[in-house]
Structures are given as C-alpha cells and as structure tokens.
Amino acid sequence: MTVMVELTDVRKLYNGGSPQAAVDGVTLTLQQGEFTAVMGSSGSGKSTLLNLIAGLDRPSQGRVLVDGVDVARLSETELARFRRTRIGFIFQFFNLLNNLTVLDNILIPAQLAAVSPAVARDRATALMHELGLAEKQMLFPGRLSGGERQRVAIARALINQPLLLLADEPTGALASRAGEQVMERLTELNRRGQTILLVTHDAKLAAAYASRIITLSDGRVADDSRLKASPEVAPSDVLRLRPGEASP
Amino acid sequence: MSLRFGILGLLAEEPLHGYEVKTRFESLLGGTWEVNIGQIYSTLQRLERDGLVAPADDRGDRGKLPYHLTATGRRTLNDWLRQPEDEPQPLREEIYVKLLLAGRLANGNVERLLADQRRVYLQRLKDLSGLERRSRDEGRDDLALLVRGAVFHTEADLKWTDAWAEEIRRAPKRGGRQ
Ligand SMILES: Nc1ncnc2c1ncn2[C@@H]1O[C@H](COP(=O)(O)OP(=O)(O)O)[C@@H](O)[C@H]1O
Ligand SMILES: [Mg+2]
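Which chain is which? The protein sequence lines are A and B, in order. In terms of my numbering, the first sequence is residues 1 to 248. In terms of my numbering, the second sequence is residues 1001 to 1178.
Hints may contain errors.
To be verified - Far from chain A, by Cβ distances over 12 Å, these chain B residues were calculated:
(1) S1002
(2) A1012
(3) G1031
(4) T1070
(5) L1101
(6) G1103
(7) D1116
(8) G1149
(9) A1150
As the list claims (entries may be wrong) - Coverage of chain B stretches by chain A, computed from C-beta distances (three or more under 8 Å per stretch; other residues unrestricted):
(10) 1017-1028
(11) 1123-1132
(12) 1151-1163
The set of hints was computed from the structure by calculation and includes no laboratory data. Every residue, glycine too, gets a C-beta built ideally from N, C-alpha and C.
Produce the entire structure from the sequences given, and follow the hints as far as they go.
Have a look at this one:
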C-alpha cells in the first residue's frame, strides 16, 4: 500500500482566533485508494483539516505530507502548482463561475496548469460523459440543478487528474436523492482508484459510501473506524421486527 | 400484535392455508421476521375461535385448509389499519440499561463503551444502506421504506451516543473521577 497523506501531530491555531486550536494534535495516514469520510460536529475542525491537507492553510505545528511532499515547506508558487496538479477540491456551494459554460468551468484548472487544449478537451469530454453531463456542456450553471452543478464541480476538480480528491460537505446543499447520486459518482471514481477524503455530517451517507470514518471532536481524532463492506448481509442480521411480540 | 393483524391483512387479499400465510408474511417483511409454522397455526386457531377467520370449506386435512376473512374479521382489520400507533416510545436495546449502569459503577467513565457502540451503529448504517439499495434494485420499494425506518432509528441511536459523549466531555469531573 502507498501512503497518500501523512499527518504528524498537526496543530492549527488561527491568528486572532480562539486560543483553542482548530486542529489539535492530529496524527493520521491515508492510503492510496481509500475512501475516507470525516465527521464531527460543527466547529470540530473538519474544514481546517481538509484545508491543511490541500495546502490552503499552513499548520502552526506538525507536518503534513501529501504524496511525500511536505506541504508547509513549499513556496507560494510551488504550493499553487502543487494544488493545481495534485489536489482536486469540491465545496458545499459548488463555486462555479456563472458566466462560463459547463465545459469552460471544467477546463479552467487545466488552462491554469497549462495542459494542452486538446488533452484538456479530451479529458473534459470523458469526465462529462462519465458524470452524466454530456448534454449539458454548453449550458451555464444557472440552468442546472444542484446535483448537476456539483457534478460539474467534480469534473472540474478531476480535470488535472489529481492524486487526491478532497470534498467539504459536497452534499450539504443538495436534496437527499441528489446527494446520494453525487456520492454514487464519487464511489464509482473511488472504485477506479481515486483516493477521496470527504467531510460530511450525514452519518448515513458517510457509512453507506466510505470505507473509513474519522470523527473529529474539538480538533482531535475521537474515532477512526474502518467499516466492512456488506454486500451479502441477510436482512435478519441487521433488522428485526419486534419478534418478541408475535403472540396475539 | 402484528402477526395477528398480519394474518388478517394477508387473508384480506385472498384465502390462504397456513403454510402460504407463513411464506407470504415472511416475504412481506423481506425476511426480517421468521415465523414458525406452529405460531401461524395457533394464531389462525385463535382467530377462528374469535370469529375473525373461517376455513374456506371443511373438506381436506387440517394443514391444507385455506382460511378466509369473515365480515367481523374485515371490520376488525379495517379498524386497526385506521388507527395510528400510540404506544410509549420503546427503548428495548440493552445498551440503554448497560450505559446507565456502567456510568454509575465507573463514575461516568464510559467513553470506551460509547466509542465501541458508535462503531457498531456506523457499521449497521452501512449494512442497512446496502440492504435498502438491494431492496430497491429488486423492485421492493416497500421493503426499502421499512429498512429506511431502521436507518432513521440507527441515526437517532448514533446521535444519542454522541450526545452522551458530548455531555461527558463538557462536564468531565463528576463524582470521584479526576
Ligand atoms: N479563518 C479562521 N479564523 C479564525 N478561526 C477560524 C477560522 N476558520 C475556522 N476557525 C475556527 O476553527 C474551529 C474549527 O473550524 P472548522 O474547521 O471550520 O470546523 P468545521 O468545518 O468542523 O465546522 C472553529 O472554532 C472555527 O470557529
Ligand atoms: Mg466546515
């Protein structure tokens, strides 16, 4: 197994923020190919943790290695390049540019990373096809449903073929069916090898789709559980309808 | 409770003999409740005694007798179907009592147990979600809804363990514990 992310005793204190660290001594390892969910109540440090891994924030203490690279030691330019090429990020509210078409939104990171236009277009076409967006490529985001917008954001995050896909509450703004569809797409990507770290406070979505659940509490890892795949569980193993009360 | 009305409900669709009642009942509930055939026969006998069901005809041997719903049976069933259920909230799981006792005996030091219990609930959510999906794939939307009920209950159990853990974190030094 290859280590994708390695955090060692990472702390993050915000300047001018609370003296309580937002991330307070986190040590954890993510393997390549894992689909991990991060849970925890609001303010427990989930977004901060993701931002530290994405290089959007620098740790106050400790070390963040992504694919062997010590993120905190990179210069701003190196960091920007690192983020463009190694990390895909999706957000709760999609963060699409409304005056660009679906296709152009998806192409932005490739242009920033100076990927050749022909290669970028091929990748975009494949991603749109895979994510059920082929018919929507010339539309503007304002014409799309929430679920479709998030799928555009996923395509945009994947256009540079990042090693790691980070998602901060990607279903938080979606109706439950659209949320499930987004999770199904992510699961499909993971099945083909994409490493995913996703923040959610929806326990059902986390448990249904991820194979590992890390729970934060006050900036610390309160629990780290690996779940067993359960394709053949018998109904009566997980659900029993009050059998004690069968007597008339 | 439910077996009695379950039988009435199935007989309201068409006359059935005991073994058919068993297989239909189990399939209705997607295998989440296995009933033994003896229970079916004894319940049918009680229902017959109460005048709610009757053998469709009285030829043939006892085990093969198809039963049908009587007019009284249909009225009783319809009354039951119209009534919302209003029992006190059942908290049957032993974990409730276990945590209360463990809390007293260990001065509130139940973090380990809570963490382990939480993992059980997370795994159960995964298992139930898989079952829900399979039910839908098999065209059993009714069963998927039943499973979804169990999902909501498990989510509530999970919230409850979190609330308990939160309570311990916010007020950690109770009793003799430092
Ligand atoms: N830019 C910031 N400046 C100061 N404090 C912050 C900043 N971002 C987050 N925090 C604080 O850090 C803690 C963790 O926040 P966050 O990582 O956003 O939690 P979560 O995503 O789990 O809700 C909170 O107490 C929050 O108020
Ligand atoms: Mg957040």
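For each hint, the structure was consulted:
| no. | hint | result |
| --- | --- | --- |
| 1 | S1002 | violated (7 Å) |
| 2 | A1012 | holds (17 Å) |
| 3 | G1031 | violated (4 Å) |
| 4 | T1070 | holds (16 Å) |
| 5 | L1101 | holds (22 Å) |
| 6 | G1103 | holds (19 Å) |
| 7 | D1116 | violated (10 Å) |
| 8 | G1149 | violated (9 Å) |
| 9 | A1150 | violated (5 Å) |
| 10 | 1017-1028 | violated (count 0) |
| 11 | 1123-1132 | holds (count 9) |
| 12 | 1151-1163 | holds (count 4) |
When the structure is compared with the earlier hints, violations turn up for hints 1, 3, 7, 8, 9 and 10 and for no others.
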